[in-house]
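Let's have the full structure, built from the sequences with the hints guiding it.
Residue numbers (the numbering used here), protein chains in the order written: chain A, 1 to 338; chain B, 1 to 331.
Think of the hints as simulated: they come from the structure by calculation, not from any bench.
On a predicted model such as this, the values are computed, not experimentally measured, just so you know.
Every residue gets a Cβ at the ideal spot worked out from N, C-alpha and C, and that includes glycine.
Hints may be right or wrong, so weigh each one.
Claimed, not checked - Among chain A residues calculated to face chain B with C-beta under 7 Å, some are:
id: 1; residue: Asn-137
id: 2; residue: Val-140
id: 3; residue: Val-155
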Amino acid sequence: MTAVVPESSTSPASGLQQRLRDLVFSGKLAWVTLGLVIVAEFVVFSIAAPRFLSTTNLLNTGRATAVLMIVATGATFGLISGALDISVGSVMALSGTIGTQIVIAGYPASLAILAAIGSGVGVGLVNGFVVVKLRVNPLVATLGMLGIAFGLAFVVDGGSGVAGNLRQTTDAAYGVMKNDLVGIPLPLIFAVLFAAAGWVLLSQTRFGLYAYAVGGNASAGRSVALPVDRLRMMYLVFSGACAATGGYVLSSMLGGSGAASVPGTLVLTVVTAVILGGVGLLGGTGSMGGTILGVIVLGVLENGMTLAGWPTFYQYVVEGLLLMLAVGLDAVRTGGYR
Amino acid sequence: MTATATPPGAPLDSRAQAAARARRLLLGQHVLLLIALILLGTYFTSRLDFFLTSQNVLTILRFSAVTFIVATGFTLVLIGGGLDLSIGSGMAVVGVTAGKLFQAGVPLVLAFVIGVVTGIVIGFVNGYIVTRFRINPLIATLAMLFVLLGVAFIITDGRSQQIRDDGFRFARENVGGVPVPVFFLIATAVLSVVLLHTTKAGRHLFAVGGNPDAARQAAMNVDRFRLGMYTVAGLYTGIAGVLLASDLGAVAPNSGRNWELYVATAVFLGGASLTGGRGSVIGTFVGVVFVRTLDNGLVQLAVRPQIVLITVGTAMILAVAFDQRPKGGFR
Numbered sequence: 001m002t003a004v005v006p007e008s009s010t011s012p013a014s015g016l017q018q019r020l021r022d023l024v025f026s027g028k029l030a031w032v033t034l035g036l037v038i039v040a041e042f043v044v045f046s047i048a049a050p051r052f053l054s055t056t057n058l059l060n061t062g063r064a065t066a067v068l069m070i071v072a073t074g075a076t077f078g079l080i081s082g083a084l085d086i087s088v089g090s091v092m093a094l095s096g097t098i099g100t101q102i103v104i105a106g107y108p109a110s111l112a113i114l115a116a117i118g119s120g121v122g123v124g125l126v127n128g129f130v131v132v133k134l135r136v137n138p139l140v141a142t143l144g145m146l147g148i149a150f151g152l153a154f155v156v157d158g159g160s161g162v163a164g165n166l167r168q169t170t171d172a173a174y175g176v177m178k179n180d181l182v183g184i185p186l187p188l189i190f191a192v193l194f195a196a197a198g199w200v201l202l203s204q205t206r207f208g209l210y211a212y213a214v215g216g217n218a219s220a221g222r223s224v225a226l227p228v229d230r231l232r233m234m235y236l237v238f239s240g241a242c243a244a245t246g247g248y249v250l251s252s253m254l255g256g257s258g259a260a261s262v263p264g265t266l267v268l269t270v271v272t273a274v275i276l277g278g279v280g281l282l283g284g285t286g287s288m289g290g291t292i293l294g295v296i297v298l299g300v301l302e303n304g305m306t307l308a309g310w311p312t313f314y315q316y317v318v319e320g321l322l323l324m325l326a327v328g329l330d331a332v333r334t335g336g337y338r
Numbered sequence: 001m002t003a004t005a006t007p008p009g010a011p012l013d014s015r016a017q018a019a020a021r022a023r024r025l026l027l028g029q030h031v032l033l034l035i036a037l038i039l040l041g042t043y044f045t046s047r048l049d050f051f052l053t054s055q056n057v058l059t060i061l062r063f064s065a066v067t068f069i070v071a072t073g074f075t076l077v078l079i080g081g082g083l084d085l086s087i088g089s090g091m092a093v094v095g096v097t098a099g100k101l102f103q104a105g106v107p108l109v110l111a112f113v114i115g116v117v118t119g120i121v122i123g124f125v126n127g128y129i130v131t132r133f134r135i136n137p138l139i140a141t142l143a144m145l146f147v148l149l150g151v152a153f154i155i156t157d158g159r160s161q162q163i164r165d166d167g168f169r170f171a172r173e174n175v176g177g178v179p180v181p182v183f184f185l186i187a188t189a190v191l192s193v194v195l196l197h198t199t200k201a202g203r204h205l206f207a208v209g210g211n212p213d214a215a216r217q218a219a220m221n222v223d224r225f226r227l228g229m230y231t232v233a234g235l236y237t238g239i240a241g242v243l244l245a246s247d248l249g250a251v252a253p254n255s256g257r258n259w260e261l262y263v264a265t266a267v268f269l270g271g272a273s274l275t276g277g278r279g280s281v282i283g284t285f286v287g288v289v290f291v292r293t294l295d296n297g298l299v300q301l302a303v304r305p306q307i308v309l310i311t312v313g314t315a316m317i318l319a320v321a322f323d324q325r326p327k328g329g330f331r
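Have a look at this one:
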């Protein structure tokens with residue numbers, strides 16, 4: 001306890017605001033770098049693949065990146081609050097599978113969507129319970145949940161485990177994300193609104209502010225009477241809900257999805273985007289603006305590499321290296337692992 | 001992951017600490033686990049006529065062998081305060097390297113040796129990244145998981161192929177009625193116990209993982225230890241990868257999927273700690289046998305593999321929860 005006295009002796013509110021101000025200030029440099037990376041990607045890929053710069057392709061990129069944006073929004077809150085949630089890919093699979101099966105069983109799409117997102121809230125509650133009550137490190141808790149939710153998705157799926165055994169639905173309301181609105185893919189519009197809401201939530205509300213407090217210094221938070229455990233639970237629930245929303249959007253775009261529809265590498269992409277965007281691995285730092293840029297970097301990269309004719313597995317390598325680079329930069333900033 | 005150092009010298013806690021120590025002595029985790037294993041075995045025996053036959057027990061041991069070898073590497077890394085999520089992909093790279101070389105006409109033994117060396121190189125790279133670039137081992141090895149998966153796919157062009165050669169499939173043979181992988185299990189166990197408990201380096205590893213700052217003050221080269229332990233873990237990944245490829249009789253880039261989950265579960269059940277400085281070969285052995293027995297019994301009870309995955313995930317969370325309870329856990 002004595003260790004935290006110097007920090008909490010200043011007024012907590014102004015201390016937090018100062019932290020926030022520092023954060024935005026230091027974040028801007030990283031934003032410029034990410035902006036330059038995006039420009040560089042555009043230059044390289046428009047040379048490597050002439051079709052890259054067409055309106056159709058850019059809209060396609062937006063469509064394909066929308067899900068990543070939605071899931072990354074939740075992961076940003078999670079990681080800022082100090083919880084690296086690696087169960088998000090499995091939660092997406094579970095959510096999409098539950099939604100699909102409910103709509104196939106003949107229930108209305110609204111119920112299916114509600115249940116899909118509800119499954120993410122449920123998983124988040126369990127994750128939160130394990131972290132807060134059983135005091136398990138969030139990484140391990142969500143690693144276990146990765147297996148559990150994935151297994152559950154297969155059970156709901158009918159348990160074949162075969163990727164090609166996807167049961168489609170033609171329900172128009174459930175598959176609404178297949179459509180365009182004034183020429184722009186609906187998932188893209190939805191993701192932009194979602195990210196904007198996340199931005200406001202993170203930078204303008206207490207819910208967002210407390211994420212920094214909990215992740216930056218939990219014991220300082222406790223000493224100013226923040227309900228740290230309840231907040232941690234809420235960020236994990238939020239992360240689960242966002243992942244489930246992403247799972248539904250993917251499922252809707254595909255016209256129904258099963259447990260095997262979510263690529264196993266998705267969690268890598270999400271974590272890379274968020275950390276590339278400046279969220280520190282130890283919690284307490286980061287911003288939605290950075291996450292959005294990180295998502296764009298990766299979305300453009302995936303699309304560009306596909307168009308340039310690189311097989312998917314080269315993308316694993318590139319993304320893995322990118323993640324290491326992102327964390328390496330973070331390590332330079334913070335001193336890193338010792 | 002975050003700083004979970006226990007508050008130093010808090011006198012009020014000394015009674016609680018003594019109680020915790022007494023509890024740990026009486027209910028040492030692998031003793032409890034052994035009891036759980038016996039209960040589990042009894043249950044399966046009562047439900048399945050076939051369960052407690054020597055053939056099935058040998059089957060469980062055969063499946064335990066590869067898991068144990070790679071789990072021992074995982075344990076060493078945990079003891080030294082690291083983490084390695086890349087083991088599954090590492091095994092896949094090792095397996096496809098050996099398999100592809102063999103298919104290309106390289107002599108069998110040489111192909112296997114190169115496979116094991118590949119594992120050592122992978123371990124060294126993991127250790128180098130973690131110590132040189134100061135990247136958190138969780139993220140470094142998560143990234144490596146995908147890099148290596150990509151490499152395994154690139155080597156095989158994304159295709160799995162059977163290898164129908166009895167020499168290549170040596171891991172399926174029996175010697176004196178005992179499956180070949182079991183001999184590797186014994187060798188690994190002996191080597192690791194010797195390494196950990198009779199050498200100075202092994203004993204220092206516990207200090208390095210338990211309190212790296214104190215170890216530095218005692219003039220230990222923490223980074224060298226960590227580089228070494230990742231490299232040894234790489235050796236184990238290499239051996240396990242070769243055995244797995246041989247057992248499957250195939251070049252399969254997918255073969256390492258979900259291994260980190262099974263291995264982490266076994267090792268945490270066996271009493272190793274996520275915060276470093278704690279873990280044992282015997283604990284890991286009991287943990288691995290427990291997980292593989294669970295697997296074997298559930299499959300024979302015709303429980304679907306997805307449920308097995310759910311059970312394993314739950315077991316891991318409970319193992320860590322149990323482990324963290326006396327120390328206060330994640331705060």
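These are the hints, each one checked on the structure:
This hint holds: Asn-137(A) has a C-beta 5 Å from the nearest C-beta of chain B, less than the 7 Å allowed. Because the closest C-beta pair between Val-140(A) and chain B is about 5 Å apart, less than 7 Å, the hint holds. Given hint, Val-155(A) at the interface with chain B, holds; its Cβ is 5 Å from that chain's nearest Cβ, closer than 7 Å.
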